[in-house]
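Chains as they are written, first to last, in our numbering: chain A, 1 to 485; chain B, 1001 to 1485; chain C, 2001 to 2485; chain D, 3001 to 3485.
Misleading hints may appear alongside valid ones.
Said to hold, decoys possible - Only pairs whose alpha carbons sit at most 25 Å apart, straight line, appear in this in silico PhoX-like list of lysine-lysine: (1) Lys167(A) x Lys153(A); (2) Lys3186(D) x Lys2370(C); (3) Lys186(A) x Lys1362(B); (4) Lys3331(D) x Lys2186(C); (5) Lys3117(D) x Lys1117(B); (6) Lys370(A) x Lys359(A); (7) Lys359(A) x Lys1186(B); (8) Lys1153(B) x Lys1472(B); (9) Lys3362(D) x Lys3331(D); (10) Lys167(A) x Lys2117(C); (11) Lys2331(C) x Lys3186(D); (12) Lys40(A) x Lys2117(C).
To be verified - Here chain A is said to cover these stretches of chain B; the calculated rule only asks that three of the stretch's residues, wherever they fall, bring their Cβ under 8 Å from a Cβ of chain A: (13) 1195 to 1207; (14) 1291 to 1305.
I should point out that these hints are in silico values taken from the structure, not numbers from a laboratory. Ideal Cβ placement from N, Cα and C applies to all residues, glycine included.
So the chains spell out like this:
4 protein chains.
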Amino acid sequence: MCGVFGIYGHPEAANLTYLGLHALQHRGQESAGIATSDGKQLALHRGMGQVIDVFQPRQMERLTGTNAIGHVRYSTAGGSLLRNAQPIAVDYAHGQIAIAHNGNLTNSLLLREQLEKSGSIFQSGSDTEVIVHLLAVSGQRTTEDRLADALSKVEGAFSLVCLTETKMLAARDRYGIRPLCIGRLKSGDRQFVVASEPTVFSLIEAEFVRDVEPGEIVVLSDEGLRSITPAPPIASKRCVFEYIYFARPDSTLDGVNVYEARKNFGRALARENRVEADVVVAVPDSGVPATIGFAEESGIRYEVGLVRSHYIGRTFIEPQQSIRHFGVRLKLSPVPEVFRDKRVIVVDDSIVRGTTSRKIVKMIRDAGAKEVHLRISSPPTRWPCYYGIDTPTRDELIASSHSVEAINEFVTSDSLGYLSHESMIESVLASASPREPSNVSSEHRLPMLKDEQGRHPFCDACFSGNYPIQYKTPPRSRQMRLLDV
Amino acid sequence: MCGVFGIYGHPEAANLTYLGLHALQHRGQESAGIATSDGKQLALHRGMGQVIDVFQPRQMERLTGTNAIGHVRYSTAGGSLLRNAQPIAVDYAHGQIAIAHNGNLTNSLLLREQLEKSGSIFQSGSDTEVIVHLLAVSGQRTTEDRLADALSKVEGAFSLVCLTETKMLAARDRYGIRPLCIGRLKSGDRQFVVASEPTVFSLIEAEFVRDVEPGEIVVLSDEGLRSITPAPPIASKRCVFEYIYFARPDSTLDGVNVYEARKNFGRALARENRVEADVVVAVPDSGVPATIGFAEESGIRYEVGLVRSHYIGRTFIEPQQSIRHFGVRLKLSPVPEVFRDKRVIVVDDSIVRGTTSRKIVKMIRDAGAKEVHLRISSPPTRWPCYYGIDTPTRDELIASSHSVEAINEFVTSDSLGYLSHESMIESVLASASPREPSNVSSEHRLPMLKDEQGRHPFCDACFSGNYPIQYKTPPRSRQMRLLDV
Amino acid sequence: MCGVFGIYGHPEAANLTYLGLHALQHRGQESAGIATSDGKQLALHRGMGQVIDVFQPRQMERLTGTNAIGHVRYSTAGGSLLRNAQPIAVDYAHGQIAIAHNGNLTNSLLLREQLEKSGSIFQSGSDTEVIVHLLAVSGQRTTEDRLADALSKVEGAFSLVCLTETKMLAARDRYGIRPLCIGRLKSGDRQFVVASEPTVFSLIEAEFVRDVEPGEIVVLSDEGLRSITPAPPIASKRCVFEYIYFARPDSTLDGVNVYEARKNFGRALARENRVEADVVVAVPDSGVPATIGFAEESGIRYEVGLVRSHYIGRTFIEPQQSIRHFGVRLKLSPVPEVFRDKRVIVVDDSIVRGTTSRKIVKMIRDAGAKEVHLRISSPPTRWPCYYGIDTPTRDELIASSHSVEAINEFVTSDSLGYLSHESMIESVLASASPREPSNVSSEHRLPMLKDEQGRHPFCDACFSGNYPIQYKTPPRSRQMRLLDV
Amino acid sequence: MCGVFGIYGHPEAANLTYLGLHALQHRGQESAGIATSDGKQLALHRGMGQVIDVFQPRQMERLTGTNAIGHVRYSTAGGSLLRNAQPIAVDYAHGQIAIAHNGNLTNSLLLREQLEKSGSIFQSGSDTEVIVHLLAVSGQRTTEDRLADALSKVEGAFSLVCLTETKMLAARDRYGIRPLCIGRLKSGDRQFVVASEPTVFSLIEAEFVRDVEPGEIVVLSDEGLRSITPAPPIASKRCVFEYIYFARPDSTLDGVNVYEARKNFGRALARENRVEADVVVAVPDSGVPATIGFAEESGIRYEVGLVRSHYIGRTFIEPQQSIRHFGVRLKLSPVPEVFRDKRVIVVDDSIVRGTTSRKIVKMIRDAGAKEVHLRISSPPTRWPCYYGIDTPTRDELIASSHSVEAINEFVTSDSLGYLSHESMIESVLASASPREPSNVSSEHRLPMLKDEQGRHPFCDACFSGNYPIQYKTPPRSRQMRLLDV
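When you get a sec, could you build the whole thing from the sequences and use the hints?
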């Protein structure tokens, strides 16, 4: 999971991008980068760590120009490498280009193999470099045509922003798996912003225009904003997990307000999994909106029973021996007065391995609870994500091999209830506001509705195993094996 | 404001102290330090910044021994200096001693002047160094008697821990202004922990024993825990602001659970300041418990309308020019769906200068609210604190010179309501649980009750101007003027 | 100017490379890098600064494998960029390859333009990336054939080392402009070392085998050392400036001991530019050997009149205002007792802009010298180097526009004498030892002798303007304009 | 060993001190510090490492004022602690004072014990803190009288500078063991500089005035320079080792030019230890002047046979296993052409443990020498220094337990010769220039001559064991045992 951001046409493009990346920091803390263009030349700075660590005044001063793109990258299992930080920026036959990308290509190894056969060299393991190579070998005349050409060859999920000396481009895959939206700065008519989530817009005094549509390429240039849809979108497959966990609650993605959706999850969860209790608490912070919905629906009192530490986020030098593995206790601590002698419902957004839930249940019981009922505001997570969320393998997902009863036993809760798949889908759809046509129109719009066949517009592969795009492994699988140490 | 911590008798004393300081990080982010004792010799490490920045594995390995004390220090107006970091550790006639101190002495400049006249030199501006000098010039035979002697000379607020080669001492001033409590590790009978707040106890698998009583000195040594009360306590003057803002909601200080007290503030606030509204939201995170109490009492729906960024806490390189002064927007962002066309009540714990409240009101209004009613879960803050909380001068406290109406106008809310002084006191007292006598007894216990004359047991000087201890300025006032740069 | 290094077949390849780069540190202090191979995979670490700053134990531990190459890079006018640090390491169709390169290609922009036209992308401004691309597009079957193919297309000066999963290759351009030599570790029969200068050999307990010959590619693999000469060398054009200034005095390059050559320069200089004087001093450290030769030949007493600070080498935060521009005084300070009332000869290796010489002359005169005679152990430097030495432009070279008399006036010396061009050439040739045929033979050997036409085997372009290879600018000149900030 | 520096009356006092400390960097690389005074207040910055690492522009800007003192500290066996960095700066009864100190007190533990008994606390292990305490308990009225009072109580070697809000003081112990001298800046009449060595004077455009005399206190204030000699000096005991090794060759200390003295050592050494040889080389850099004197006297050719790396000086991450212990080879490398088949004399300034000499002899022999004769330009070092030079214990000094023959055997040289004690003394005295009375007079001057009894004016304890001042251990010896980690 990553976050992308772009500013077009503002004299403080790099500074606004810095703020924007900060607001998207929840989408990735491993590395951050900004590329700017002053109309003639690109400048780039990338580094490991959070935005406030990577950028110092010295670098900000040198990131000149009115156009900028930025990226925050999530820490993935493959190890954290500066080499994989984004944006990537290169010289090629048509000048310079920088790209920042959120998502995962499913045929990148295959493309990589083909490109290498034709003489390409690879300096990173990132999918982004594959896209850059495809751009470079495209015979098309304009950057937008080259990008369309390149994107016609890749499969998978992507929301990306490109920067050349004079233009900015934003593109979203044909399923619209990862979010991407457009805003306009209040300070000027031709000043645009592109971001993974609109949460950043109020911070930089911009207003939401519309989402980039699945399959669309948006071109920002001297001539204003232009929309291309090289290939019509097939069927919307927006990632439903963005609404459950990943996106910020103050974001509205493809017309669905995340906070509302989460409250709806909680309401449905309360209806589907009734239990007598004295108090309902959230696993903060992502579980809070669902918990409030749960409390409203059930009439059970909402309390702040688990306090989250503000001072977590960077690497914690874990003490040795006997005090190891305190993990969740460093992040959460219980308010005993809330739990003492109470029947407690605790709401979380999902269960991955089960180990964290088990610790939370134990923590609440140790704090004096008589009963601990765990409620999950999504269905059991059974399948890994291939489209940009860093989930563990199937083996590690407890729900892929355990029944709800077995999970309940493992996490030692008195009862365990998940949200049903149907309620999850209906809850998101119920939160969708009618999306007014924007004055910045696109050729194709995919509605947030079920189609005539009753098919919903979401990718729910992590729950259902129904992957909209298959993963292609090349004949002889090979990844970037070069190590930066 | 600072936090102190101590571990006696555990093989991983430094590691537990590291965890403890991390849990007390909300009490100070400027500097952190740990001193350990291996029975023969003290070791010390201090540094600027948060606990996870100050301590690396290299230092932790060298902080050997079974006894340790630690300190986190709040950033004060005087500038952030390593010189002022704590613990202070020295050689003196009786060996070595380290001290960590939370609070403010009111006669430290006077004592300093007297000590300098007798030939003492000062290498920092901290009150702690004054206490160390008083210890050093005391003619008493044991460390505890020297500490008692030293503390008999100082006036003001303090909760402190001392470490010698073989003992640990914990002491609290005669009014009990700053909190301090004792726990016992579950891993061993003679393993004790001392901390500003008990929130840390569950983290390190310790159980709460009791609070250190006002005026008490607790001595931890080979012989176990021993209590001394050199001078009987006068009258309890626990800091009421700890319950309002400073302490963690999961802490129970002197028998009062902070979360409960805050909910009570909110309930009383709802009763005292009724207004029609569609939704009530908190200024996170400190305002949340009062807001939940407010919502319960008023029946108005509680929502998460302001989302707090997790990624703030360290110095943020503020962008220049047009995007300056985004302050509160970096920390908080609104969920427009919660506010749109709504009558909103927003609950905060206090108003200091009024500028932040003004920005929050504007943010909520910009997000679509029809009305914004501001409710404060404490009375107007009119006087600076002399006992260890870093408040601005009287001039800067808006309530010292403005009526509630004038403040309402300044912050641009539709209405403004504060909690009454009486309700604040009653709310805390109502949250006090009967404190069972501990098996680790103290000579004197000051109850959390009003006395026969109806006087409450709190320092409320920041609201009332009734300072329990006067500030003594020396004939010729002089502070440490030496600058570390 | 840069330094390259390689170890083949030693269990501590990275550690030996670390030592080797340290010994080559005089050839570049801007950045350093090491790539290792464990038989299956390459690992890489690069960073800005000196070797001891770039490599920490953490990195060294992860640079595993028995084969390694390394690079130190000189600070060039173009700015110091991590992006340009070497080695470069990539994935390509045939696996992985890393390259470290010393020298400058004269047709790199042309090649770059051609490669970009065919779809190549460039992520740095370095010539090395051009070579990697040429390797990648070569249709040849083996790494050595692909390297031969690539090198047949490049023009200019290069001494380079390549590393694949299983092989190491070392190559030198057909003129032999930059040095490169081979050694054998005493610890094992199939353990080889390749380095820009042999000075490192004694440090790592290796013995000198022979120089890599102009046009030769040396292949190190399981089968031992194999030599290829894809195209016969044309005419030796070894860089004469290596002997004058750049190489370490303890190195022997292509059979010529640098120390001996420098002493010969000094002897000839004394013969050619006689002057009465009391004492002769060197500009340390590069001028010392020539000064000793000068003193021996002239019979004038040698003294250490200028003391060099050991503590220079990293960026010095220059004080402001009145004490700016102390430049040379920070590096050198005079021994007044050597100069007082004396007629002084001071010997330096070259004059670039003349400003440093002027400061040195003033410093000696201020220290009490009656006369200051400046002697330069090389001819006037009139032309920039295109083959890897970072010289200023022609405009900045004082000798390109000033007569010796005018330079003498500018530097304020009482007299100024340069070494004649003929004596320079003869001095180097006189220092050449007969190069015994090595048991590790090469197909072609270019002797260090004048040919039948009396042409000497050196590149002397910086003195004569006779460039052996012309610089090719592409139809539309373009450099890497991407900025890392 | 340390270096001290002070500037009085210059608007860029801190910047000049930065330059001065850089020039004194050879006297200590462990830590550095500067304290400045702006007439009202002192400012201080200290840090671990070399001057260019410790001071960044941010700190330099905040070190305001026209008076400044600075210190560089040598790495001692006791470990490197920021706590022990100098200057020390404190508040005391009379305002503020900062002190920087070079030397070692012999009764500091005794004084410390006495001070602690009276109630003093110690925050470092440095002698400097003892002096500050003595100042603080002095009943005298002026700073200079308090300093005189304090210094009357200490025994041992010291050259120190003090800074108050308005004055600067410089003092030297009664034996004049450590050097200290005064200069005047050319930029203003009342602008003075004080430094351990005058080498810095030309760098900052100052001229030498005179040495501070043994037992003298020099007071710099608005009234200009004033000299006090509270107690008349007893007998000059200048450290002879400064001339042999420690001081820079461009310094003149107490009228003796270091370079001249070293050449005289070499001349005498050549006369006393004749041997047939082809070439004489120095161990750079400290051995070079003596070697030149040796070559002149013996007529044997001087060559640069050992090349010193410029890139040593900071901590070197030593590689593991087989390539450990390369120590001297990293620092020095041989020029084989100088040694091959030659009879070699190598001159060094001293032998401490013998291990380095042994490696150098082996290195020269490995480089092809037929014979290696080691000559040492001082007598055998048999006793540790108690007055500020960081020598090992007696046990580790090879000459304390081995005859010259045994040492010769240990270092594997063909012959070994030391300078005789008498020649050492005569060589220094012969280099003494008559010291003209300065216009900035002192009350007492100790000449650099033998007295009527033929006693020379040097401390030669490291050679003779004749310690001018006895080391006092307190009844119960105790050092600062507090560890900074």
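Comparing the hints with the structure gives:
no., hint, result
1, Lys167(A) x Lys153(A), "holds (22 Å)"
2, Lys3186(D) x Lys2370(C), "holds (22 Å)"
3, Lys186(A) x Lys1362(B), "holds (17 Å)"
4, Lys3331(D) x Lys2186(C), "holds (21 Å)"
5, Lys3117(D) x Lys1117(B), "holds (17 Å)"
6, Lys370(A) x Lys359(A), "holds (16 Å)"
7, Lys359(A) x Lys1186(B), "holds (18 Å)"
8, Lys1153(B) x Lys1472(B), "holds (13 Å)"
9, Lys3362(D) x Lys3331(D), "holds (15 Å)"
10, Lys167(A) x Lys2117(C), "holds (21 Å)"
11, Lys2331(C) x Lys3186(D), "holds (21 Å)"
12, Lys40(A) x Lys2117(C), "holds (20 Å)"
13, 1195 to 1207, "holds (count 4)"
14, 1291 to 1305, "holds (count 6)"
When the structure is compared with the earlier hints, no violation turns up for any of them.
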